[in-house]
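Asks: Protein chains in written order, with the numbering used here: chain A, 369 to 658; chain B, 369 to 658; chain C, 369 to 658; chain D, 369 to 658.
These are computed hints drawn from the structure, not numbers from a lab. Worth double-checking, as some hints may not be accurate.
The list treats identical chains as interchangeable, and a pair is accepted whether it falls inside one copy or across any two copies.
[As the list claims (entries may be wrong)] In silico lysine to any residue, SDA-like type, Cα no more than 25 Å apart, as pairs: (1) Lys-581 - Glu-604; (2) Lys-575 - Gly-402; (3) Lys-575 - Pro-606; (4) Lys-562 - Pro-492; (5) Lys-581 - His-414; (6) Lys-523 - Ile-550; (7) Lys-575 - Ile-385; (8) Lys-581 - Ser-413; (9) Lys-581 - His-514; (10) Lys-581 - Glu-645; (11) Lys-575 - Glu-407; (12) Lys-523 - Asp-603; (13) Lys-575 - Pro-488; (14) Lys-523 - Gln-440; (15) Lys-523 - Glu-536; (16) Lys-562 - Val-428; (17) Lys-575 - Asn-646; (18) Lys-562 - Ala-528; (19) Lys-581 - His-567; (20) Lys-523 - Gly-573; (21) Lys-575 - Ile-613; (22) Lys-523 - Pro-444; (23) Lys-523 - Asn-578; (24) Lys-575 - Thr-599; (25) Lys-523 - Gly-396; (26) Lys-523 - Tyr-619; (27) Lys-562 - Gln-585; (28) Lys-575 - Asp-603.
Number of protein chains: 4
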Amino acid sequence: MANDLPTTQWVLTLSCIDGPGIVHAISGAIVAAGGNIAESQQFASHDTGRFFMRLQVEAVAQPDTFEGRFEQALAPVTERYHMTWRLDTVGRPVRTLILASTATHCVNDLLYRRRGGQLPIEVPLILSNHETVRDIAEFYDVPFEHRAIAGADDKAAFEARVLAAVDELDIELVVLARYMQILSPGLCEALAGKAINIHHSFLPGFKGANPYKQAHQRGVKLIGATAHFVTTDLDEGPIIEQDTIRVDHSYSVRELTQLGQDVEARVLRHAVRSFAENRVLADGDRTIIF
Amino acid sequence: MANDLPTTQWVLTLSCIDGPGIVHAISGAIVAAGGNIAESQQFASHDTGRFFMRLQVEAVAQPDTFEGRFEQALAPVTERYHMTWRLDTVGRPVRTLILASTATHCVNDLLYRRRGGQLPIEVPLILSNHETVRDIAEFYDVPFEHRAIAGADDKAAFEARVLAAVDELDIELVVLARYMQILSPGLCEALAGKAINIHHSFLPGFKGANPYKQAHQRGVKLIGATAHFVTTDLDEGPIIEQDTIRVDHSYSVRELTQLGQDVEARVLRHAVRSFAENRVLADGDRTIIF
Amino acid sequence: MANDLPTTQWVLTLSCIDGPGIVHAISGAIVAAGGNIAESQQFASHDTGRFFMRLQVEAVAQPDTFEGRFEQALAPVTERYHMTWRLDTVGRPVRTLILASTATHCVNDLLYRRRGGQLPIEVPLILSNHETVRDIAEFYDVPFEHRAIAGADDKAAFEARVLAAVDELDIELVVLARYMQILSPGLCEALAGKAINIHHSFLPGFKGANPYKQAHQRGVKLIGATAHFVTTDLDEGPIIEQDTIRVDHSYSVRELTQLGQDVEARVLRHAVRSFAENRVLADGDRTIIF
Amino acid sequence: MANDLPTTQWVLTLSCIDGPGIVHAISGAIVAAGGNIAESQQFASHDTGRFFMRLQVEAVAQPDTFEGRFEQALAPVTERYHMTWRLDTVGRPVRTLILASTATHCVNDLLYRRRGGQLPIEVPLILSNHETVRDIAEFYDVPFEHRAIAGADDKAAFEARVLAAVDELDIELVVLARYMQILSPGLCEALAGKAINIHHSFLPGFKGANPYKQAHQRGVKLIGATAHFVTTDLDEGPIIEQDTIRVDHSYSVRELTQLGQDVEARVLRHAVRSFAENRVLADGDRTIIF
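Next up, chain A with everything else stripped away, as it sits in the complex:
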């Protein structure tokens, strides 16, 4: 900025049907509100005909003023283009509910990085149907709540608690950190676009129980993981992040599982960071990651 006043960083994401003049209109509103574009990415999807944009905007640090002015300047633009948009401050911790089960690797990875300031999330609650992650949660000063799931009633109660927590705690993101229960269609819909799951992935894919055992039996040379949005179509929601790691015939099922957990933790962390930084936009069955 030309002057030396303290500045605030804003992140603006938007999407609308593609057409001429969008960038000009948006940038005009930003200029009118006294902002300066520090970073920008856009993408026009040939599949859906939609236009997507993410901007980081610097403005003199009078947040309310900029936000107000910007909304005023943007109003005719969003109306004209039937635009979906969202303005946020850069680095604001996203309120995140973690669902866990017995496995600790994803929870540990997320909480360790959150504590170190490497992941812009805050975690007002971990809900789990097992006790295994309790001590990690306590070490990282995160509230932990255990609810056993022994049958269908328990599961319904657990899901009701999830929804209540989302509401009471202003949750913006639900992370299924190896939460091994299948969500009901109702919960999937209620959390549409804000629940991220992590699951193992293999080339080729293996269906059914114990995929690492199947991977071992087929002698795969790569194991991987996929982080995706939760939808009612199990493990088939829009993909946010994927990665693989090299293995060979000498790896036991146990070693494959451990390496797989390393990849899972890494992929989930990456996806959560992208979401928390407002980098993930939905484009039908796919995601745009800026």
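Knowing the structure of chain A, use the given hints to seat chains B, C and D on it.
Replies: Below, chains B, C and D without anything else, positioned relative to chain A:
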């Protein structure tokens, strides 16, 4: 070696039911035949209870003598352990038949590296149902034969030609370098353990036509390829090599396809090299790669 | 585009000192000239205080008209911001001079992909101080010129020929495809920003002759390659692309060299593609790759 | 094993000057002692003329008996070949002293995986010149000792404490988990072959302070890390493990540093696991990793 006589390098691969004393017996036969173990890898498969070994052996360069002596010394061992084994000279070019269709990337990659001495294969024939790779074959001085496949009869004739070529040309390895026809069960069986195919792989897997288009539509973040032995179970034979490459939402179907071809060529080359160096051993539905 | 007239794709790259209103001004000129932004990336460098942008613009296919209108609309903007800019058509083959020596792997890789339409370059000439790549050049119908370099005079003559060729053939990019001669400071300066070199890279770096031998002796677990702009500071110009590949103690110097060549070819290809697609912008000692 | 008695897994590593008959002699001693080779890798170094081997041996679970018998059977072999060897039980936790400073990422990674049984080490002590890792140590029930280093005397005292701890606690491995002090030559020598350091690596290498800042300024596309044995030649000891991660121009110095820490933790963990599983053998300035 202690003396300065010229030496020959041998590669010995073997497998048998696991049990005590195998390595001692094998190494005894090598010592008795005057060889020295330069390199060795072994693996005991818990899945099948079988033992696998690959050795590189150095012997004074009187090949016939060593081979003869070694076979004699090994006879009681192989008999005792019901051993499957194979003795070859290191670096001997493996006689390879390439089956091609319209795509050139795999053929070009294999022939370029063969010419540079980077791939121990010789290619007495390329058979293709299209003309596209003819000029590449000619540039690299490899015989090329075109046989169109317009119907079931053509296909049967093509396959008969494959079998005849395998026989007449002492073919040890058949490489399906993007040969887009499904092999008949009979041909699969006739080529069992010596035909390698390459196909695209994705997380998750996509069935049906135009997988790169499906990959684009689902917004995958990785595309990959798998080289595997041909079996009657289409694209599901024992895996030899796999790799992936990172992509994002901005890649068009055409760009995904091109990058996919880069990975396919790399993975196939790697698999062919492993096979030609006697590093691939079958262990039921999986491979041991030494 | 709203109408169904055939369109042309343009790529606009620009840089200037960062400040408010740039995107708005640029997008205004595009709108005024009747273009639609299909893709856009920008970056504000904190290191140099400069702003960089790359846009792909779609306009009704009357190229001269759009280009003329756009230049007119842009003139006040470029003047106001002291902007460096360049407008090109998407996919136009970049006129590329290749300098070669004995190694064939990079030349082969570039020419194979150019022929397949995977690399938007045209190659009016390969200049080499050895004959090794002649047959590859001929196969791919690329003019080849051999000039031996036996001493300082030959080298000066070779470099004079390079400069003459750049001038006569309207060369936009010079690729040193394992051209093993050190360029004179004068030639480096004459080719500033348009000559790309590829060299091997290791962790840690090795100075002096036969780096693969040194890499072997130190037991590195990764070998790599770096593509960079040529500057007078040998092998230290702005980096365009890098990659590594995994190796282990069992690799001979010869095997390391071959794998190194695979990485070199891949990294150089990637860098050339980025350059030819107008994705590489210089920011002092670094590059912005869009 | 033929019978159903409980078995113990042994790991044998050895090296000697290469020559004929070694494998036969070793395998003979194993057979004589009643063991069965479950896994084996060997390597003959052309650089040093030495032979290296690692075997996993299964024997009926009377450890003392097998160990005693094996030593007896092996004695003439080790004498004949002037062999260096070591027999250990598979999975035995290696007694590890961790040296730390302010950074927590490596310590956290090692202790988390140790607790989950994924890393066969036990950590009787963490010594640090800062307090930062104390709470992590306490959470994982590992003794922590803080000793500030304000000057040369403190440093000498710290190093004396390291040597005393190594002695008192039967330490087999010292891990410098981002311990930012340069070890004295005396300590390097005292810990030769059993101290592992982790440091960042780049292509090209950067000397001096704040390497991530230099990496940013030069616009590197990869950042990496190297785990190596500590020698008096700073950061130049035999390499055990290396890895890299992809970055681009948009990463700030802070983001590069965080990603660099992820790679450091992963590479160090891998190196520690290899060491603890008796997979690392020294071959002059390089390592053999089985």
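Asks: Confirm or reject each hint.
Replies: A quick look at each hint next to the structure:
1. Lys-581 - Glu-604: both (22 Å within a copy, 16 Å between copies)
2. Lys-575 - Gly-402: neither (54 Å within a copy, 43 Å between copies)
3. Lys-575 - Pro-606: both (19 Å within a copy, 18 Å between copies)
4. Lys-562 - Pro-492: within (16 Å within a copy, 44 Å between copies)
5. Lys-581 - His-414: Classified as between: cross-chain Cα gap 12 Å, same-chain 40 Å, threshold 25 Å.
6. Lys-523 - Ile-550: within (10 Å within a copy, 47 Å between copies)
7. Lys-575 - Ile-385: This pair counts as neither: shortest intra-copy Cα distance 38 Å, inter-copy 31 Å.
8. Lys-581 - Ser-413: between (39 Å within a copy, 14 Å between copies)
9. Lys-581 - His-514: neither (30 Å within a copy, 44 Å between copies)
10. Lys-581 - Glu-645: between (36 Å within a copy, 23 Å between copies)
11. Lys-575 - Glu-407: The answer is neither: 42 Å in one copy and 31 Å across copies each exceed 25 Å.
12. Lys-523 - Asp-603: within (19 Å within a copy, 40 Å between copies)
13. Lys-575 - Pro-488: neither (35 Å within a copy, 32 Å between copies)
14. Lys-523 - Gln-440: neither (45 Å within a copy, 62 Å between copies)
15. Lys-523 - Glu-536: within (20 Å within a copy, 53 Å between copies)
16. Lys-562 - Val-428: neither (31 Å within a copy, 40 Å between copies)
17. Lys-575 - Asn-646: neither (33 Å within a copy, 33 Å between copies)
18. Lys-562 - Ala-528: Within one copy only: 17 Å inside, 54 Å across.
19. Lys-581 - His-567: So Lys-581 and His-567 pass the 25 Å test inside a copy (15 Å) and across (23 Å) alike.
20. Lys-523 - Gly-573: neither (28 Å within a copy, 31 Å between copies)
21. Lys-575 - Ile-613: both (20 Å within a copy, 24 Å between copies)
22. Lys-523 - Pro-444: neither (46 Å within a copy, 64 Å between copies)
23. Lys-523 - Asn-578: within (22 Å within a copy, 40 Å between copies)
24. Lys-575 - Thr-599: both (18 Å within a copy, 21 Å between copies)
25. Lys-523 - Gly-396: neither (50 Å within a copy, 56 Å between copies)
26. Lys-523 - Tyr-619: Cα proximity of Lys-523 and Tyr-619: none, with 36 Å in one copy and 41 Å across.
27. Lys-562 - Gln-585: Only across copies: Lys-562 and Gln-585 sit 21 Å apart there, 36 Å inside one copy, limit 25 Å.
28. Lys-575 - Asp-603: This pair counts as both: shortest intra-copy Cα distance 11 Å, inter-copy 16 Å.
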